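K.L.:
Chain by chain, the residues run as shown.
2 protein chains.
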Amino acid sequence: MQQVTPAIENIVELLDEQDSSAIAELFSQAHPADIADALERLTPAKRPHAWIHIPESERGEVLAELNEGVFRDLAHELDNRELIDAIKILDIDDIADLIPDLPESVLADVLFAVDTETRASLGEVLSYPEDSAGGLMNIDAIAVRDNISLDVVLRYLRLKTELPEHTDTVFLVDRSNRLTGILPLDKLITGPANTPAINHALETPVSFLCLDGKEEVAKAFADYDLVSAPVVDEDQKLLGRITVDDVVDVIREQAEHDIMAAAGLKEEEDIFAPVAKTTRNRTIWLAVNLVTALLGSWVIGQFEGSIQQLVALAVLMPIVASMGGNAGTQTLTVVIRGMSTGTISRGNMINVLKKEAMVGVLNGLIWAVVIAAIAAAWYQSPSLGMVIAAAMMANLVMGAIAGVCIPVFLEKVGVDPALAGGVALTTVTDVVGYFSVLGLATVLLL
Amino acid sequence: MQQVTPAIENIVELLDEQDSSAIAELFSQAHPADIADALERLTPAKRPHAWIHIPESERGEVLAELNEGVFRDLAHELDNRELIDAIKILDIDDIADLIPDLPESVLADVLFAVDTETRASLGEVLSYPEDSAGGLMNIDAIAVRDNISLDVVLRYLRLKTELPEHTDTVFLVDRSNRLTGILPLDKLITGPANTPAINHALETPVSFLCLDGKEEVAKAFADYDLVSAPVVDEDQKLLGRITVDDVVDVIREQAEHDIMAAAGLKEEEDIFAPVAKTTRNRTIWLAVNLVTALLGSWVIGQFEGSIQQLVALAVLMPIVASMGGNAGTQTLTVVIRGMSTGTISRGNMINVLKKEAMVGVLNGLIWAVVIAAIAAAWYQSPSLGMVIAAAMMANLVMGAIAGVCIPVFLEKVGVDPALAGGVALTTVTDVVGYFSVLGLATVLLL
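Sequence order for the protein chains is A and B. Residue numbering for the first sequence is 1 to 446, as defined by the working numbering. Residue numbering for the second sequence is 1001 to 1446, as defined by the working numbering.
The set of hints was computed from the structure by calculation and includes no laboratory data. Possibly wrong hints are sitting among the right ones.
[Claimed, not checked] Taking lysine-lysine pairs in the BS3-like style, the calculated list, with each CA pair at most 30 Å apart, reads:
no.: 1; chain 1: A; residue 1: K219; chain 2: A; residue 2: K237
no.: 2; chain 1: B; residue 1: K1412; chain 2: A; residue 2: K266
no.: 3; chain 1: A; residue 1: K46; chain 2: B; residue 2: K1219
no.: 4; chain 1: B; residue 1: K1266; chain 2: A; residue 2: K412
no.: 5; chain 1: B; residue 1: K1160; chain 2: A; residue 2: K266
no.: 6; chain 1: A; residue 1: K46; chain 2: B; residue 2: K1046
no.: 7; chain 1: B; residue 1: K1237; chain 2: B; residue 2: K1266
no.: 8; chain 1: A; residue 1: K266; chain 2: B; residue 2: K1277
no.: 9; chain 1: A; residue 1: K46; chain 2: A; residue 2: K219
no.: 10; chain 1: B; residue 1: K1046; chain 2: B; residue 2: K1412
no.: 11; chain 1: A; residue 1: K160; chain 2: B; residue 2: K1160
no.: 12; chain 1: B; residue 1: K1088; chain 2: B; residue 2: K1160
no.: 13; chain 1: B; residue 1: K1046; chain 2: A; residue 2: K354
no.: 14; chain 1: A; residue 1: K354; chain 2: B; residue 2: K1354
no.: 15; chain 1: A; residue 1: K88; chain 2: B; residue 2: K1219
no.: 16; chain 1: A; residue 1: K219; chain 2: B; residue 2: K1354
no.: 17; chain 1: B; residue 1: K1277; chain 2: A; residue 2: K219
no.: 18; chain 1: B; residue 1: K1088; chain 2: A; residue 2: K277
no.: 19; chain 1: B; residue 1: K1160; chain 2: A; residue 2: K354
no.: 20; chain 1: A; residue 1: K277; chain 2: B; residue 2: K1354
no.: 21; chain 1: B; residue 1: K1237; chain 2: A; residue 2: K46
no.: 22; chain 1: A; residue 1: K219; chain 2: B; residue 2: K1237
no.: 23; chain 1: A; residue 1: K88; chain 2: A; residue 2: K46
no.: 24; chain 1: A; residue 1: K266; chain 2: B; residue 2: K1219
no.: 25; chain 1: B; residue 1: K1237; chain 2: B; residue 2: K1160
no.: 26; chain 1: B; residue 1: K1354; chain 2: B; residue 2: K1046
no.: 27; chain 1: A; residue 1: K354; chain 2: A; residue 2: K88
no.: 28; chain 1: B; residue 1: K1412; chain 2: A; residue 2: K219
[Claimed, not checked] Here's a subset of chain B near chain A, in silico, CB distances under 7 Å, partners left out:
no.: 29; residue: H1049
no.: 30; residue: S1207
no.: 31; residue: L1211
no.: 32; residue: D1212
no.: 33; residue: S1306
no.: 34; residue: Q1309
no.: 35; residue: V1311
[Stated by the list, open to error] Ranges of calculated distance between the beta carbons of each label pair, as one might list FRET restraints:
no.: 36; chain 1: A; residue 1: R158; chain 2: B; residue 2: D1016; range: 51 to 61 Å
no.: 37; chain 1: A; residue 1: D151; chain 2: B; residue 2: Q1018; range: 46 to 56 Å
no.: 38; chain 1: A; residue 1: S383; chain 2: B; residue 2: S1345; range: 31 to 41 Å
no.: 39; chain 1: B; residue 1: D1233; chain 2: A; residue 2: P129; range: 26 to 36 Å
no.: 40; chain 1: A; residue 1: A22; chain 2: B; residue 2: L1211; range: 22 to 32 Å
Bear in mind the structure is a predicted one, so any value in this text is a computation, not a measurement. Yeah, the Cβ is synthetic: ideal placement off N, Cα and C, and Gly gets one too.
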């Protein structure tokens, strides 16, 4: 990439060397997003030292670009006055994003610092849930009456010295401010000057209701290649617009969420947070895991006598548990992705279950034969091989069925499958794996 | 969301009922992305039956929107003539995307079917790696000489009946077609008509070199809120442009890749692929997992005598292995994300290692105490509790260190950490977990 702003990679070294003028020079030329990246690369103690070198006009944008967790901590460290000055000049949607993470002590001051009009708009945006179309929208939409001609629209736009970022369309409204069409900017330029704007509106306009979910917004932007789209209330009255830059952030956060949740982490995890804080954040996950591991151990504990008679069982049972966990996780991952992209839904769920169960049976056959051969050779016992093979078969089929059923069940009870799916699945495959190896061996071999 | 196209959710039922006219009606009103979604929801056998109801003018766009794996299979099922007719009318970048997945038998025919100019451009786009800026670009960039006035630019644009999608800027070039600036469309509308275009160019333009990686392109679009950006060669000659809709697809594919890779799956996994094919795709992953599980079992096998003397070891050792795996996976996930977003790099890696090791020590202390109490109570043996506690401590610290070092090492040897990191980590924590429980018990208790 070629750009005019310099690389910020050496920020860590510059701060270590306390080279203030070099840092100020770097920040004065860098894009706010790059400065935010630089702050995230520092330990929390160093961030306020870097902050003072950020040009005042850029500070708000830098805050808006920061990872939530990093912002929350930094906001507590900064002087309230500086924080308010930085935030008050931002766009409404950016201020609305930051507000939930602000220290309570400055919240009222921020609302007091913005002008009356902004405060009213902010109140409106904040009245919608953070993860709805209303919460994502900005109120900088350009709207014109749908019956005026293109040249009048053009003259109206010329009166503004600049258009809001990502203005690729102008929204057409009737006399009650109800959305009646979307006029692309290129039609405005290329269309005949004296024809009414509504004649050049998009044939397939997409608009969002203020309470639409942000996943739906993200999918629509991606599917229909949108740059901006209007948000309306139930009477079709125009409330604001959503732009692709915010949707890109939503898509990145969703992906981050799914990846981090699978390890019991939050997407706003601050890599450089203090040790005590990080340990505390991760403790619940390890506690849940301890409980599930104890469940597996309890199953093993029921067969202590069998293990004492045939120690090979203790050696081989983790293999069966592990293979079931891995095969099940593959099914689980496919099903969770399919559910979140909409490819899997009630209509075809039964096909998915049938198919994955069949894959489980086929995988079960393959790995049962392999493990039977290994176990029989290792312990010179064909009958041990047969028992392990049967357990492997049972656990791989179980893993496949659990991989389909667990996310469906979790979704039904309102638990995020990306968070709890993996733990639930490996609990099932550990328990079934241990139980089938030890139980079958106890019945058939001892 | 409100849109003019109908929901496609009931496509599965309509096909089952063989209600051809309802399907044709549905497809005639639906957006190509929705039709592609509908096809993905079907089993492979049914997709050609649905295909015939797609309006011919939409078929190319539908193919361009399909998941790669689904496209590859469908392309083999379709009549070559139909496939070529669908593809040849697409934009160059879309054709270039589809070509690597086309059956060889139609490849030449596709190149023969497009006009000479398109073929030349296609040759150029295909000459860049698929995952480079050159591979992502389209050749529909609008360029004008940088010294002409705004009203001349505007007149030039008016001569076209429509502008390419996502035209938010016009590129300014010198007489040798070298990029000299980027003119936003709103400046064209609001700026004084008789001033030179170059005076209104962006102050901080971002452009890409044709060999820049697509990750870099995606990060720049997200950080700098771009809608389109020019691609140039090393002499700054304008080659084409990248638009945000393609970048959104890149971001979604990357996220999909990371999530799927963690379970050893490809991002183009077709949920409804035939059982045999899916089983084959997943087999290598299970084979790798079997080898790592055997390594753990081999460690256990070295201590068969100890287990026979103290069966409690077989009951408790999976807990230590599992806790190490979970804590290590948390570190691993944070480090992989940090490396891929650039927050972690060589400059601050040592800070990450120190911190995560400290978190490991702290977690180790907490869970060592808990497990010591549980083990001592369960088996009425404080000394067994002490051994398990020491093993837990060792394995949690090891998990943290491995969680930092494994992705760094994998990246260095050119293996995708998202794919291999999890397996490598749990192998380490299983081996260390089993070895520390059994080894310590053998030395101290037996």
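K.L.:
Could you run down the list of hints and mark each one as holding or not?
P.N.:
Hints, one by one, checked against the model:
{"no.": "1", "hint": "A:K219 / A:K237", "in the structure": "holds (23 Å)"}
{"no.": "2", "hint": "B:K1412 / A:K266", "in the structure": "holds (27 Å)"}
{"no.": "3", "hint": "A:K46 / B:K1219", "in the structure": "holds (25 Å)"}
{"no.": "4", "hint": "B:K1266 / A:K412", "in the structure": "holds (27 Å)"}
{"no.": "5", "hint": "B:K1160 / A:K266", "in the structure": "violated (49 Å)"}
{"no.": "6", "hint": "A:K46 / B:K1046", "in the structure": "violated (60 Å)"}
{"no.": "7", "hint": "B:K1237 / B:K1266", "in the structure": "violated (37 Å)"}
{"no.": "8", "hint": "A:K266 / B:K1277", "in the structure": "violated (35 Å)"}
{"no.": "9", "hint": "A:K46 / A:K219", "in the structure": "violated (39 Å)"}
{"no.": "10", "hint": "B:K1046 / B:K1412", "in the structure": "violated (45 Å)"}
{"no.": "11", "hint": "A:K160 / B:K1160", "in the structure": "holds (25 Å)"}
{"no.": "12", "hint": "B:K1088 / B:K1160", "in the structure": "holds (23 Å)"}
{"no.": "13", "hint": "B:K1046 / A:K354", "in the structure": "holds (17 Å)"}
{"no.": "14", "hint": "A:K354 / B:K1354", "in the structure": "violated (48 Å)"}
{"no.": "15", "hint": "A:K88 / B:K1219", "in the structure": "holds (27 Å)"}
{"no.": "16", "hint": "A:K219 / B:K1354", "in the structure": "violated (40 Å)"}
{"no.": "17", "hint": "B:K1277 / A:K219", "in the structure": "holds (29 Å)"}
{"no.": "18", "hint": "B:K1088 / A:K277", "in the structure": "violated (57 Å)"}
{"no.": "19", "hint": "B:K1160 / A:K354", "in the structure": "violated (54 Å)"}
{"no.": "20", "hint": "A:K277 / B:K1354", "in the structure": "holds (15 Å)"}
{"no.": "21", "hint": "B:K1237 / A:K46", "in the structure": "violated (42 Å)"}
{"no.": "22", "hint": "A:K219 / B:K1237", "in the structure": "violated (35 Å)"}
{"no.": "23", "hint": "A:K88 / A:K46", "in the structure": "holds (25 Å)"}
{"no.": "24", "hint": "A:K266 / B:K1219", "in the structure": "holds (21 Å)"}
{"no.": "25", "hint": "B:K1237 / B:K1160", "in the structure": "holds (24 Å)"}
{"no.": "26", "hint": "B:K1354 / B:K1046", "in the structure": "violated (55 Å)"}
{"no.": "27", "hint": "A:K354 / A:K88", "in the structure": "violated (56 Å)"}
{"no.": "28", "hint": "B:K1412 / A:K219", "in the structure": "violated (35 Å)"}
{"no.": "29", "hint": "H1049", "in the structure": "violated (15 Å)"}
{"no.": "30", "hint": "S1207", "in the structure": "holds (5 Å)"}
{"no.": "31", "hint": "L1211", "in the structure": "violated (11 Å)"}
{"no.": "32", "hint": "D1212", "in the structure": "holds (5 Å)"}
{"no.": "33", "hint": "S1306", "in the structure": "violated (9 Å)"}
{"no.": "34", "hint": "Q1309", "in the structure": "violated (9 Å)"}
{"no.": "35", "hint": "V1311", "in the structure": "holds (5 Å)"}
{"no.": "36", "hint": "A:R158 / B:D1016: 51 to 61 Å", "in the structure": "holds (57 Å)"}
{"no.": "37", "hint": "A:D151 / B:Q1018: 46 to 56 Å", "in the structure": "holds (53 Å)"}
{"no.": "38", "hint": "A:S383 / B:S1345: 31 to 41 Å", "in the structure": "violated (56 Å)"}
{"no.": "39", "hint": "B:D1233 / A:P129: 26 to 36 Å", "in the structure": "violated (47 Å)"}
{"no.": "40", "hint": "A:A22 / B:L1211: 22 to 32 Å", "in the structure": "holds (31 Å)"}
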